[in-house]
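Participant: Listed below, chain by chain, are the residues.
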Amino acid sequence: MKSAVITFPGSNCDRDAVVALQKFNSKVQKIWHQETKLDDDLDLIVVPGGFSYGDYLRSGAMASISPVMQEVKRLAGKGVRVLGICNGFQILTESGLLPGVLMRNAKMKFICRQVHLRVENIDSDFTNKYKRRQVIKIPIAHMDGNYFAESDVIKRLEDQSLIAMRYVDADGNLTDNSNPNGSILNIAGVFNDTKNVLGMMPHPERAIDPDTGSKDGIGLFQSLLW
Amino acid sequence: MKVRITIGLKKSVLDTQGKAIEASLVKNLGYPQISNVRQGKFVEFEIAENDEKIIKQIVDDVSDKLLVNKIIEDYSYEILK
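If you read the sequences in order, they're chains A and B.
For the first sequence, our numbering begins at 1 and goes up steadily by one.
For the second sequence, our numbering begins at 1 and goes up steadily by one.
If you are wondering where the hints come from, they were derived from the structure by calculation, not from laboratory data.
Ideal Cβ positions, reconstructed from N, Cα and C, are used throughout, including at glycine.
One should not assume that every hint holds.
[As the list claims (entries may be wrong)] Chain A stretches covered by chain B per the calculated footprint, using a threshold of three residues with CB under 8 Å from any CB of chain B: (1) 60 to 72; (2) 94 to 101; (3) 104 to 112; (4) 145 to 155.
[To be verified] Straight-line C-alpha distance at most 25 Å; calculated PhoX-like pairs for lysine-lysine: (5) Lys65(B) / Lys37(A); (6) Lys131(A) / Lys215(A); (7) Lys65(B) / Lys73(A); (8) Lys27(B) / Lys109(A); (9) Lys2(B) / Lys78(A); (10) Lys11(B) / Lys27(B); (11) Lys155(A) / Lys56(B); (12) Lys41(B) / Lys81(B); (13) Lys41(B) / Lys107(A); (14) Lys56(B) / Lys10(B); (15) Lys19(B) / Lys2(B); (16) Lys27(B) / Lys107(A); (17) Lys2(B) / Lys41(B); (18) Lys109(A) / Lys41(B); (19) Lys137(A) / Lys73(A); (20) Lys27(A) / Lys215(A); (21) Lys70(B) / Lys109(A); (22) Lys107(A) / Lys11(B); (23) Lys107(A) / Lys10(B); (24) Lys73(A) / Lys70(B); (25) Lys109(A) / Lys11(B); (26) Lys107(A) / Lys65(B); (27) Lys70(B) / Lys155(A); (28) Lys109(A) / Lys19(B).
Chain A with its partners taken away, still in its complex shape (with noise of 0.2 Å):
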């Protein structure tokens, strides 16, 4: 297993991400933002946590044109699977790789907490190891997390299973209040059209040692390294 953890000026997940990578046994190469070449035989990229660029005009619009992410957009062309956290959600919305955008969250405040959600689709390379609508908990950390997208998308989402997780309650119900930053039907991460890009809000690289608080972002990394 092969990754590459981008990092922009502002990342600050990217230790984390690295980390829990080769806990999992993964190589991992270290790749800054005016990178432009990135290996074809990678496995995974991943495009981390933060305030890429200081979040000036939108979370994640200036990183979206930085030099390699032109090569995570060819990359994912040819099917290398990409995993957007947080900040890296919102640039993968940002960049076109994955549908909607990431606005403001609906009470303006920055969220900082753990909270639950519900694996909408197993059926994907990053959620395999997860049981059907398992309830899982991981801590989110931002202040524009508010997921928007257009009714036709959003029907396309639900149509075709691209709803990768959405926020719950801990027992796994849908409500408005376990819905911390007011994305609409609750969403926490979205798949691209191929399954291949994931974008999520939460911070599974931050839930993998239970002195942490939880370990329930073990199934993600399991499911992508085997």
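Got chain A; can you put chain B on it based on the hints?
Facilitator: Below, chain B alone, put in the same frame as chain A:
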């Protein structure tokens, strides 16, 4: 020439910052006449072009590629001479 692009959330998108500003203006500062507050941002730059058609094309291009997320935002621009 100088160009100013003004970017805001589409009318159909809830502008939570605008709502918060409105509440402050109406309730805290006491201006009940004010309503429908919307906020946004502007990007201003100089451009070494005089042809307004070319300027429009460049403005549309950069808005499309970076400055504006058309899912939730719209924009207008003016040429400041």
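Participant: Which constraints among the numbered hints does this structure fail? Numbers only, ascending.
Facilitator: 9, 11, 15, 19 and 26
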